[in-house]
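Enquirer: All chains should be modelled from the sequences, with the hints used to inform the complete structure.
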Amino acid sequence: MRKTHPYIKEDNDLVIIIRPLRNDSTKSWMKEYIIKSFSDEEYELYVQFIINIFKQKIAFSLYFSIYGVDISISAIKSSNGEISKGSSLSKSNTDCVQTLSADIDGLEPESINAIYQKLLDLDLETICIWSGHGIQFHILLNKPCMDLLALSKFNDALQQNGFDVDKQVRDCSRILRLGFFNMKAKIPDNNKYQDIIKVEQIANTNRRYEISDIFKKLGVDYIPAKRPFGTKRVDLLKNPNALETYKFACEHEGYSPSKPKIKKVVQVKTVEPEVIASDKKLIISQIETINLQELYPMLHISQLSVGFRNMLYGFREGYADNTLMFIVARLHHYGFSLVQIQKVTSKLAILDTFNWSWDEDMVAHKTEYFFNLGIHNVPTNTFKDLEEEFGPLKSQFIKKTKDMKSVNIHIPRTLFTYQPNANGNQIAKIKSAAFVLYLNFLLDTYQYSIENPDQCKMYLEQDIIELSGRKRSATRDALENLTPKAIDKVQIKLVSKKKAVSKRDGAAYRYFVNPINKYNGYIEMNFENLKYLLDQCKSNQLSNSALMLYFYMIFRMGENDTETIAQFTMALATGISQSQIQRLLVELEAKKLITISKNGYRETNKYCILNYNDEIAPIVSCSF
Numbered sequence: 001m002r003k004t005h006p007y008i009k010e011d012n013d014l015v016i017i018i019r020p021l022r023n024d025s026t027k028s029w030m031k032e033y034i035i036k037s038f039s040d041e042e043y044e045l046y047v048q049f050i051i052n053i054f055k056q057k058i059a060f061s062l063y064f065s066i067y068g069v070d071i072s073i074s075a076i077k078s079s080n081g082e083i084s085k086g087s088s089l090s091k092s093n094t095d096c097v098q099t100l101s102a103d104i105d106g107l108e109p110e111s112i113n114a115i116y117q118k119l120l121d122l123d124l125e126t127i128c129i130w131s132g133h134g135i136q137f138h139i140l141l142n143k144p145c146m147d148l149l150a151l152s153k154f155n156d157a158l159q160q161n162g163f164d165v166d167k168q169v170r171d172c173s174r175i176l177r178l179g180f181f182n183m184k185a186k187i188p189d190n191n192k193y194q195d196i197i198k199v200e201q202i203a204n205t206n207r208r209y210e211i212s213d214i215f216k217k218l219g220v221d222y223i224p225a226k227r228p229f230g231t232k233r234v235d236l237l238k239n240p241n242a243l244e245t246y247k248f249a250c251e252h253e254g255y256s257p258s259k260p261k262i263k264k265v266v267q268v269k270t271v272e273p274e275v276i277a278s279d280k281k282l283i284i285s286q287i288e289t290i291n292l293q294e295l296y297p298m299l300h301i302s303q304l305s306v307g308f309r310n311m312l313y314g315f316r317e318g319y320a321d322n323t324l325m326f327i328v329a330r331l332h333h334y335g336f337s338l339v340q341i342q343k344v345t346s347k348l349a350i351l352d353t354f355n356w357s358w359d360e361d362m363v364a365h366k367t368e369y370f371f372n373l374g375i376h377n378v379p380t381n382t383f384k385d386l387e388e389e390f391g392p393l394k395s396q397f398i399k400k401t402k403d404m405k406s407v408n409i410h411i412p413r414t415l416f417t418y419q420p421n422a423n424g425n426q427i428a429k430i431k432s433a434a435f436v437l438y439l440n441f442l443l444d445t446y447q448y449s450i451e452n453p454d455q456c457k458m459y460l461e462q463d464i465i466e467l468s469g470r471k472r473s474a475t476r477d478a479l480e481n482l483t484p485k486a487i488d489k490v491q492i493k494l495v496s497k498k499k500a501v502s503k504r505d506g507a508a509y510r511y512f513v514n515p516i517n518k519y520n521g522y523i524e525m526n527f528e529n530l531k532y533l534l535d536q537c538k539s540n541q542l543s544n545s546a547l548m549l550y551f552y553m554i555f556r557m558g559e560n561d562t563e564t565i566a567q568f569t570m571a572l573a574t575g576i577s578q579s580q581i582q583r584l585l586v587e588l589e590a591k592k593l594i595t596i597s598k599n600g601y602r603e604t605n606k607y608c609i610l611n612y613n614d615e616i617a618p619i620v621s622c623s624f
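Take the sequence shown: its position 7, counted from the start at 1, is 7 in UniProt numbering, and no numbers get skipped.
It should be emphasised that the hints constitute simulated quantities derived from the structure, not laboratory data. As the structure is a computational prediction, the values presented were derived from the model and not from experiment. No residue lacks a Cβ here, since even glycine has one placed at the ideal position from N, Cα and C. Watch out, some of these pointers could steer you wrong.
[Unchecked claim] Simulated restraints, written as ranges between beta carbons of each label pair: (1) ILE50 <-> LYS9: 15 to 25 Å; (2) GLY162 <-> LYS394: 55 to 65 Å; (3) ILE34 <-> PHE383: 27 to 37 Å.
[Said to hold, decoys possible] No farther apart than 16 Å at their CA atoms in a straight line, the calculated lysine to aspartate or glutamate pairs in the EDC-like style are these: (4) LYS143 <-> ASP213; (5) LYS118 <-> ASP164; (6) LYS343 <-> GLU368; (7) LYS538 <-> ASP444; (8) LYS9 <-> ASP70; (9) LYS216 <-> ASP123; (10) LYS217 <-> ASP156; (11) LYS9 <-> GLU42; (12) LYS198 <-> GLU110; (13) LYS493 <-> GLU480; (14) LYS498 <-> GLU480; (15) LYS153 <-> ASP213; (16) LYS498 <-> ASP463; (17) LYS497 <-> ASP463; (18) LYS343 <-> ASP361; (19) LYS3 <-> GLU125; (20) LYS167 <-> ASP105; (21) LYS347 <-> ASP361; (22) LYS347 <-> GLU360; (23) LYS538 <-> GLU466; (24) LYS431 <-> GLU480; (25) LYS598 <-> GLU563; (26) LYS216 <-> ASP156; (27) LYS198 <-> GLU108; (28) LYS591 <-> ASP535; (29) LYS606 <-> GLU563; (30) LYS343 <-> GLU294; (31) LYS347 <-> GLU294.
Expert: In structure tokens, the structure reads:
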């Protein structure tokens, strides 16, 4: 299994599933065992599992999954799309395979050599095992294959070449018997066995093949099954042509070698080209020099790292997926929206600099996939590989160029600084309805300042009611929370009021928003983002309390990707009861504003802020 599943490692969700089958009248499956890695500790646990199996009074046969299984995905019944309770293995969560396996039953020992020699005549070296009544053989692949139909195609090709293989070994969720656990020949009503079945390894190999080469040797063309990018596998359970996407970067998926029909970027003003990191790769004279700043006007090219700039000259064979993942993750971290990033990657797709162009639609789908992952960097090993190929990739935080950068609204952090009251309890300074009203004030006053830069907008009560979209009584309560009495030393005065010159609509006061003290820190949010959230509140698609909790989480997280925050702390800072916090967190997660990750038993959860609207830029920064 080390050879057939070399991708099983501690740092991913892929595992091997071992399934014990009772060899009695019930023929029922027992609790599955999962191999997560091939470490020494995992080996000891596996040995103990085997010992415990032998100690049972009931005999078992053991089976293992041919494909790696993603345990982060539930098994789903293909018939009705429901989560399967009877099994943890199905088409929905099998991921990839690095071996093509077959099973031939009903053989006599003397016929084994003829079959093995027939495979050798086809130049196919295998791991071949005599199971007691037949053979299993495994052909190793040089990289993971995510084609969920590969096993079926392989067995069809073997049948065409005269191999009488087991027709059941076809689907990607198939399991095979572990060769040394053949316990069928048991005496009825007795735990003894009639004969000891001798199981042995007939042949071994370390040779690995490109999957297409295996099919060529069998006289068949291999056409990988492809799932449309951007479509989830669970949506295609009834369609056998399903393909997992990115657990491994299968770089032959979606690539097209250079063709005349592929558009080539018109050369603009040339500049001194960047120095390529490795002199083992293409030398600089082979690179078509392009003015990157003119090609990518939305980027500050001079602020990008050398390695990043080298990536922008075009995709290279063997690095395309990881290059795209790095660019998307880094630009997402810099504050670019999905639409803005796709403008960058679409231009990168049509460059033919290294004779390796890529379909624009495919790049758009992959860009969206990487963007939705919410990552801010690539894995460490991938980062090192990219640096070796392209040059240094570390750079300081940058912002978008002026024509791409949207206006940002400053929201004071002091809104969430809670202090003790007279009873010694910590209280929030502002109620959720008042908080949302204040955000509406900020948005409206900014729009007013564009046309009237030297004036301060004054509001009558009726103006504020229209601004909030709430009833008069609710608006008055919120407004009172924003204009506290001078005696209240805990509260800050976000809005001030003056006596009105005229009492139009019964209004006695005029209100205006006080400037914020930036020295105390602020949250900086894109204007369109803020408008989007407030529109959600006005249409009752998002509650005031949920929005206030969302901003508090932004305040707590700052520039961090994730943050551990206790619900008790959330309740103190926002003034929302702790019993409501859990419901609001579920609401925010359902709206795709946050993700919640369990942090272990009885441990505080981890939270991550999401980009919730692809058409607008995410939060830019949090200043302290």
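Enquirer: Work down the list of hints and note, for each, if the structure agrees.
Expert: So, going through the hints one by one against the coordinates:
1. ILE50 <-> LYS9: 15 to 25 Å: holds (22 Å)
2. GLY162 <-> LYS394: 55 to 65 Å: holds (58 Å)
3. ILE34 <-> PHE383: 27 to 37 Å: holds (29 Å)
4. LYS143 <-> ASP213: holds (13 Å)
5. LYS118 <-> ASP164: holds (13 Å)
6. LYS343 <-> GLU368: holds (12 Å)
7. LYS538 <-> ASP444: Roughly 15 Å between the alpha carbons, so the hint for LYS538 and ASP444 holds.
8. LYS9 <-> ASP70: Holds. LYS9 to ASP70 sits at ~12 Å (cutoff 16 Å).
9. LYS216 <-> ASP123: holds (11 Å)
10. LYS217 <-> ASP156: holds (14 Å)
11. LYS9 <-> GLU42: holds (11 Å)
12. LYS198 <-> GLU110: Satisfied, since the Cα-Cα distance of roughly 14 Å is no more than 16 Å.
13. LYS493 <-> GLU480: holds (10 Å)
14. LYS498 <-> GLU480: Roughly 14 Å between the alpha carbons, so the hint for LYS498 and GLU480 holds.
15. LYS153 <-> ASP213: Within the cut-off at roughly 14 Å; holds.
16. LYS498 <-> ASP463: holds (15 Å)
17. LYS497 <-> ASP463: Within the cut-off at roughly 14 Å; holds.
18. LYS343 <-> ASP361: holds (12 Å)
19. LYS3 <-> GLU125: holds (14 Å)
20. LYS167 <-> ASP105: holds (10 Å)
21. LYS347 <-> ASP361: Holds, because 12 Å separates the two Cα atoms, which is no more than 16 Å.
22. LYS347 <-> GLU360: At roughly 8 Å apart (the allowed maximum being 16 Å), GLU360 and LYS347 satisfy the hint.
23. LYS538 <-> GLU466: Within the cut-off at roughly 11 Å; holds.
24. LYS431 <-> GLU480: holds (10 Å)
25. LYS598 <-> GLU563: Given pair LYS598, GLU563 holds - Cα atoms ~12 Å apart, limit 16 Å.
26. LYS216 <-> ASP156: holds (13 Å)
27. LYS198 <-> GLU108: The hint holds at about 13 Å.
28. LYS591 <-> ASP535: Roughly 14 Å between the alpha carbons, so the hint for LYS591 and ASP535 holds.
29. LYS606 <-> GLU563: holds (5 Å)
30. LYS343 <-> GLU294: holds (13 Å)
31. LYS347 <-> GLU294: With Cα atoms ~12 Å apart, LYS347 and GLU294 stay inside 16 Å; holds.
Of the numbered hints listed earlier, not one is contradicted by the structure.
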